[in-house]
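Listed in order, the protein sequences are those of chains A, B and C.
Anchor point for the first sequence: position 1 equals 1 in the working numbering, and the numbering is continuous, going up by one each time.
Anchor point for the second sequence: position 17 equals 1017 in the working numbering, and the numbering is continuous, going up by one each time.
Anchor point for the third sequence: position 20 equals 2020 in the working numbering, and the numbering is continuous, going up by one each time.
Note that these hints are calculated values from the structure, not bench results.
Just so you know, even glycine gets a beta-carbon here, dropped at the ideal spot from N, CA and C.
A short, non-exhaustive set of chain C residues, derived as facing chain B with CB atoms under 7 Å:
(1) Gln2010
(2) Leu2040
(3) Val2047
(4) Phe2051
(5) Arg2055
(6) Val2066
(7) Val2071
(8) Ile2079
(9) Ala2112
(10) Ala2143
(11) Ile2147
(12) Leu2148
(13) Tyr2152
(14) Leu2162
(15) Gly2174
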Amino acid sequence: MNELLWTYVGWPLLKILVILLALVLLAAYLSWFERKLLAYMQIRLGPNRVGPKGWLQPIADALKLFVKEDLTPGFAEKFVFLLGPVLIIVPALVVFSVIPFGPSPHLFITDVNIGVLFILAVSSIGVYGIILGGWASNNKFSLMGGLRSAAQMISYEVPMGFSVVTVLILAKSLSLVRIVEAQKQAGLWFVFPGFVAFLVYFICGVAETNRNPFDLPEAESELVAGYHTEYSGMKFAFYFLAEYANMVVVSSLATVMFFGGWLRPFPNVSALAFLDVIPPLVWFLLKVAFFLFLYIWFRGTFPRYRFDQLMGIGWKVLLPVSLVNLLVVAYFVSLPGGQV
Amino acid sequence: MVTIGHYLVLSSVLFAIGAGGVLLRRNGIATLLGIELMLNAANVAFVAFAKQHGNLEGQVVVFFVMAVAAAEVAVGLALLVAIFRRLQSIDVDRLSAMRW
Amino acid sequence: MDFLVAHFSQAVFLFLAFFSLGGAVGVVVLRQPVHAALSLLASFLGVAGLFVLARGEFLAAVQVLVYAGGVMVLFLFVIMFVNVRAVGKEAQYLRPLVPLAVVGGLLFSALALTAMWALGRRPPADAFPLVSVAGQEVGNTEAVGWILYREYLLPFEVVSVLLLVAMVGAIVLGRKPKEMEKA
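For reference, chain A alone in the conformation it holds in the complex (with noise of 0.2 Å):
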């Protein structure tokens, strides 16, 4: 009886108390190394007040949220105002639920066969965070910022979804562990036979989170910061937070689909074992990492959008490119012998 109260449930919690204190831990330095990392690329110095280097700055970022008047407007729709870093925060950290780290079951908390599916389930109710709040604050530019960000995240939903097809077609599999061992099998990550997928789903995903050169929805020159003008404290700490996670997300995803997970590149190449002796997560942190520095340069590099560009974009160039990738792909796969 012990027995299974542990492995059901007290080694689950434990697991995911752990990833949750480091999930966020992660979001609150990607934040410092966002703002690090764009201060070096426009040759400023960045925050370094607080702690050596500006270590600590996180840290009183954080502080400062919590104790914070939680300011609700009189003219806001109370319950729904409330609703809305509630959903879109806890998509965004379930989503962690079904990310294999590491080969070894202590390293994932479950693996679901519908792992991929989950991920685009649990992730869509998303856009409800984004688009209630904006609704619930009563004020024009949190509506049109929150509207734009639907029809951007709806819109993009689509070219990502045919590219993550793309991958279920090479590992003839929904769960991500499966689909980080059929790259084993295949000796090969699966960003070579499907490049173009990976191409379009990291633009997808890109615009999924709302970052530029995709952020029109907080566009600032414009929407006065769009569907979170009217939070302050614990509830705009939870929009904040959920963007970086999300940017974690996508990242890992890219990191297990395309660039085969925890495993070391090449993974059946001998005369590479000595890479080895990296273990299995650090591999998968240090690729998650690449994925998150890109976020970052590209925020650094590329002007913003116009909203009938972006929408253009989506539906008139990554729509057909992911949609011909597929049937390509799909026809290779047919072919005798085509197994990847």
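Start from chain A and add chains B and C according to the hints.
Structure of chains B and C alone, referenced to chain A:
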């Protein structure tokens, strides 16, 4: 043990509530929401029967129902938007003209 | 504790059932359209949970993806577009309340009686719809896909055409009429 009866009772209550929404509400959007509810009630019953008989065809039918529901919502909402443009209202009681 | 373990599936079922029923009641009762839509969302999520309980993981994911991710967002879009805020109580319900309520009540009792009858039938033990594909036991997704693309290929294609027609229809209906564009 959860038997098929549990699911069927739930499904019928859901369906009746959805039908009530369609019959009672004057807001056109609420009417559409009621229809969605009824379709979902049917889905619950299909899935329950699939489980009962160990036959997945019930689940396949649910898949089709979802596709049809999506199509229905797209057309229904487009109709509502068109009606709103004409009448500045989506009160179904005001839709008394056969043509305009 | 032992009791809870023994009746775990019932407890989960009851919780999900109340969740989805509560959401459904909210759809009929709540005046503000956005609240009604949110209530329906809660109901959908409850039903998705029920699908998992009834061994339809794939359907549960599709339910959340299609209904929560697509359909309800579309609803919210239109609600915000037509911008109908809450209306007074007198304008909420259709006029002939009593006859409509009677029709609804009759419908409900008919359905409930059918369900009760099924409940009393002492059904055979549950068989899990885990199918074997090519002699191998597979998950729900593979099994559904197997049936969908083999036995139901034609309906599948027809449904895709239906979706295309609906899309074209929605675009045609959603466009502004010519005389309104000039005005």
